[in-house]
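Residue numbers (the UniProt record's numbering), protein chains in the order written: chain A, 1 to 343; chain B, 1 to 343; chain C, 1 to 343; chain D, 1 to 343.
Think of the hints as simulated: they come from the structure by calculation, not from any bench.
Predicted model only: the values in this text are computed from it and were never measured.
Any given hint might turn out to be false.
Heads up, the list lumps identical chains together, so a pair's fine if it works in one copy or across two of them.
Said to hold, decoys possible - Calculated pairs, DMTMM-like style, for lysine to aspartate or glutamate (alpha carbon to alpha carbon, straight line, at most 20 Å):
| # | residue 1 | residue 2 |
| --- | --- | --- |
| 1 | K185 | E41 |
| 2 | K182 | E41 |
| 3 | K111 | E298 |
| 4 | K246 | D168 |
| 5 | K182 | D60 |
Protein chains: 4
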Amino acid sequence: MTYSIAVSGASGYAGGEVLRLLAGHPEVEIGAVTAHSSAGERLGSVQPHLLSLADRVLVDTTAENLAGHDVVFLALPHGASAEIAAQLGEDTIVIDAAADHRLESASDWEKFYGSAHQGTWPYGLPELPGQRARLAEARRIAVPGCYPTTVMLGLAPGLAAGLLQPTDIVIVAATGTSGAGKALKPHLLSAEVIGGMSPYGVGGVHRHTPEIEQGLGHAAGVPVQVSFTPTLAPMPRGILATSTAKITPGTTEAQLRAAYREHYDGEAFVHLLPEGQWPATKQVVGSNHVTVQLVIDEHAGRAVVISAADNLTKGTAGGAVQSMNIALGLEETTGLNLLGVSP
Amino acid sequence: MTYSIAVSGASGYAGGEVLRLLAGHPEVEIGAVTAHSSAGERLGSVQPHLLSLADRVLVDTTAENLAGHDVVFLALPHGASAEIAAQLGEDTIVIDAAADHRLESASDWEKFYGSAHQGTWPYGLPELPGQRARLAEARRIAVPGCYPTTVMLGLAPGLAAGLLQPTDIVIVAATGTSGAGKALKPHLLSAEVIGGMSPYGVGGVHRHTPEIEQGLGHAAGVPVQVSFTPTLAPMPRGILATSTAKITPGTTEAQLRAAYREHYDGEAFVHLLPEGQWPATKQVVGSNHVTVQLVIDEHAGRAVVISAADNLTKGTAGGAVQSMNIALGLEETTGLNLLGVSP
Amino acid sequence: MTYSIAVSGASGYAGGEVLRLLAGHPEVEIGAVTAHSSAGERLGSVQPHLLSLADRVLVDTTAENLAGHDVVFLALPHGASAEIAAQLGEDTIVIDAAADHRLESASDWEKFYGSAHQGTWPYGLPELPGQRARLAEARRIAVPGCYPTTVMLGLAPGLAAGLLQPTDIVIVAATGTSGAGKALKPHLLSAEVIGGMSPYGVGGVHRHTPEIEQGLGHAAGVPVQVSFTPTLAPMPRGILATSTAKITPGTTEAQLRAAYREHYDGEAFVHLLPEGQWPATKQVVGSNHVTVQLVIDEHAGRAVVISAADNLTKGTAGGAVQSMNIALGLEETTGLNLLGVSP
Amino acid sequence: MTYSIAVSGASGYAGGEVLRLLAGHPEVEIGAVTAHSSAGERLGSVQPHLLSLADRVLVDTTAENLAGHDVVFLALPHGASAEIAAQLGEDTIVIDAAADHRLESASDWEKFYGSAHQGTWPYGLPELPGQRARLAEARRIAVPGCYPTTVMLGLAPGLAAGLLQPTDIVIVAATGTSGAGKALKPHLLSAEVIGGMSPYGVGGVHRHTPEIEQGLGHAAGVPVQVSFTPTLAPMPRGILATSTAKITPGTTEAQLRAAYREHYDGEAFVHLLPEGQWPATKQVVGSNHVTVQLVIDEHAGRAVVISAADNLTKGTAGGAVQSMNIALGLEETTGLNLLGVSP
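With these hints in hand, go ahead and build the complete structure from the sequences.
In structure tokens:
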């Protein structure tokens, strides 16, 4: 059976990546591709790399245009998805790449996004405990943020095993600039970015902070508190997260490694690397894979976990397609058997 | 039926790219992966992005290890392939990514490579006139150079149609640094490359010059003479070729465009873009696609053709897999339905 | 004596570079710094690298604010300078980084810029024959375009010596993205630029084409005709120009080299490199230097000249300061003794 | 008076940067420039950006060649400087960019460098308490490591004021690849680096860890313990350090800011940015400046301090020249009035 798929926000980076993956997915047929200001244009003019879809014409992002498909991907600015989803049939699988339905806490939502909370949808990160089963039943799915995906896959196993302490976690992550979308902002101009690193959202104000704490809190079974600092790196894609947590007294590196190995046993996309080999974003660029490595720094009393993912693939569109596969009852890796493009 | 494939030079960029593509090819099984100094290592330690093949162990590059497969890819320094190929069965399809068997002229070979000519094999660029049929029968295939692939796909249709003049063609091309392989040379260090452009092989001395003239000569039906200047760009992959040729008097842009459209009609991988849209390497990075655009500059009396390809994919490994598909009688696009990874 | 200097367009790349150089110039005092939409802001907030000038406040770009200085730099969009200059005293040295007063041909101006020609000012490229003397008397100076500077310094000596033919010159150049200014255009976003090369203005339509032909025509003493293709490289600064011209029959490389050596004898900023060494943009980034190398490709019957410059320094602000020094009667290199920042 | 200067290791990145700065220093004359395998070559062939010094010839790195200068810069691999320094007169100012004489603890030296400790020299970071006076008397100076410079300038004021807690400091820093020198290692090839981020020396094993703890310990007056993770960014130069420390209970951001403002009052090269503006490496590339910003994350109970420096300038050669100026009794900023090259 072939499923029909609509993709909104098809002119942006997230929507374009969804289309790149769906174009190689054997069980789907791409239906409506929608946009806002680019409606009426050829897809090829705004996403010139999608050569096999170049002659598709973008239509307006309306519930009418998105209706009638088995699956609808929403790759819109936050605030738009609840209203559109409400107009789509309950049987339609709606997969939202925006933040709207990720947070469980209405007060966190209001504090970080400044608008009314729209409710919570099943969370599209099947590698977290319990999530895969929930996604199999889901008809509404909230795709995790790119930082939360990368960070949580790095820290969840150690917290779930009780080997890492849930308070005073410190995370510093570097992202490629596609994470900011196609926004026309001066600091994203290539002349500003190439050759330099810069921080942003310093001091706990990045919106992914509560999402990270929420997901890790579920893994740990207790509240988790993080210091999270994102930085902008001169690369188009990829996130490298350096996460450190105090170890539970007596924890050995062998124990910690065993917990990760067990947690990711059987997972197709998360790879605990062999000892001594470290994650790097180019291992995973363009793919749905995530690489993870850990070490215990006895001197500092902290475990350091490095994790690498592609913010647009596993961090957005790949995670979305993986969740779709689960919700449709397909093999989870369908259409996602892509390796990183390196060098 | 599943074909067994051996890949030599699997620790290098070309070999790694062949493996990346074969890992997603539905009709093949990867057999021996061989290397020289890395023999004995896990593939994952030298090609960390090939996560699904990480536990394969590299074996020595010997005819013994390569024998017994349906297809053998040679991704070795030039000079090694003739001897190895001679030891493989005549029914084995041998696909050589090195230069050894590309040139028809022994004197050109000797002049540019300084060793004895080893003969000529069918040339793995099916989009050139007559090549596809030859490849269908071939058991030995010479993969074109990355610059010749990009340049010839840009100029062949106009020359074949007699609309471009075969003498005084000027080509300037920019390549990503993977084109130089993993050679440990100071000028390839990232600190030297990032943030700058530099030329090399200026003055007609680049080894791809006679190969370009040979292929274009076949397309034109008369000898072709080019001035070719390659430059090194601060990017890992991709070639952007700017090729200019004098137009045959009276030629209009509409005529030229029609010739290209006809030439590439039905081709899966070469795309004449809509008027006004220009090739860029990021349209095709990681894919087997090539984009082409042309214009006539009346003031200068020249046509300018821009073509973009990924030097490692269509320019090496993708062209090799495409040729393999033809030689095996498979659908030509099998395993190559990948779009460019962008942004 | 200390000269007072005003800089308009101080929030842009050209204006910022003028200020970077003037901040290290021992004979000047920076007066008014003006901008349009950023007026009222601290300079440090829009040009955070100008740390020693961070607390200066940008004022509106008006003739009133610019008046009363010995020298006024105009780094404004084209079309604005004639009117402002008319309001400044005739003794004020006005140095215009915009295109308005570069072209001598009113019809070329109208064809390429689509507005009324505003007249021609002395051209700020002292290394062209006769220009230095003109600049010594000038009170109005048109700073050359970045491409023309780089290309003309590469080709002028050979044309002036009659060793290169003036027709059918082919130029392909790669520029860093600061050449496009701080314009908020999608194709300049870092995610679009990093990792790729793209062409623009193909087919003789780039506005620097007539400027190149004008300057080279003066050098050659006869009209010059070029095919010029600019490309965008993933770097912030720098231009690498590959220029090829047919040689006058019988010309040897030694003759050509001698002509260049003689032409640049005594020049502080233009360097004919030793034979075998090639220009690269990183040799000159952040400096007022230009490197040049040449070769004759006998097979193609063409000389190939490579030249490298920093589009913002020698290509704009450095050339402007050099011209100012000449007009003020200062040592030409004052404040410009900076070497390239490399790696 | 003009001082004569010798520079060893002139073929490397650190030596080249020393020469770039000295070439613009008004009080010095560059004498011997020495190298190891490049001895006998023109400086222009190994450091093509040093155009004004291109015709200097590199001589062997021997005490004989270095003797007879007022100042000798050692930019050699660690392990070589003690022996050479011993052969230079006691009045010669010897400035060592290697690590040999930075650490006070012989056991730390042996643990991290695996050889015998060679003693400790005055430490070339005048912005640390007490260091400027020591440098004024010094005839042997150990230039700090690039990470320690960047990190210590970020954390020292808060620790010295007792507002940050000295234990459980977490630092994650990104460096440009020139930090690794010109070593021909596969992971430094541009194709590997461009487009990606990777960590190295994870788990407290980087050699700059004890140096950071030593310097911060002096500032705090008590032992300091850090978790330090360096990462490699796709840029040639620059370090961005994200340093977090727990605040002493009751500390307000205003108090912390006041302590930094006071600490850096009168410093020419260290800039506490205005509130809300953040350091970025491009603010300081090519310059001796350092930018710093801080915030208190109440939720996490930590201060986050960001600092940015150029690893080759303030982090190595600029700090070395600044120290030389102090030791010679020159104005500290002589020859260092360079602003960052941006964009």
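Verification of the supplied hints:
1. K185 <-> E41: between (23 Å within a copy, 18 Å between copies)
2. K182 <-> E41: Within one copy only: 17 Å inside a chain, 26 Å across chains, cut-off 20 Å.
3. K111 <-> E298: For K111 and E298, only the inter-copy Cα distance (15 Å) is at most 20 Å; the intra-copy one is 37 Å.
4. K246 <-> D168: Both, since 8 Å and 9 Å are each at most 20 Å.
5. K182 <-> D60: within (18 Å within a copy, 31 Å between copies)
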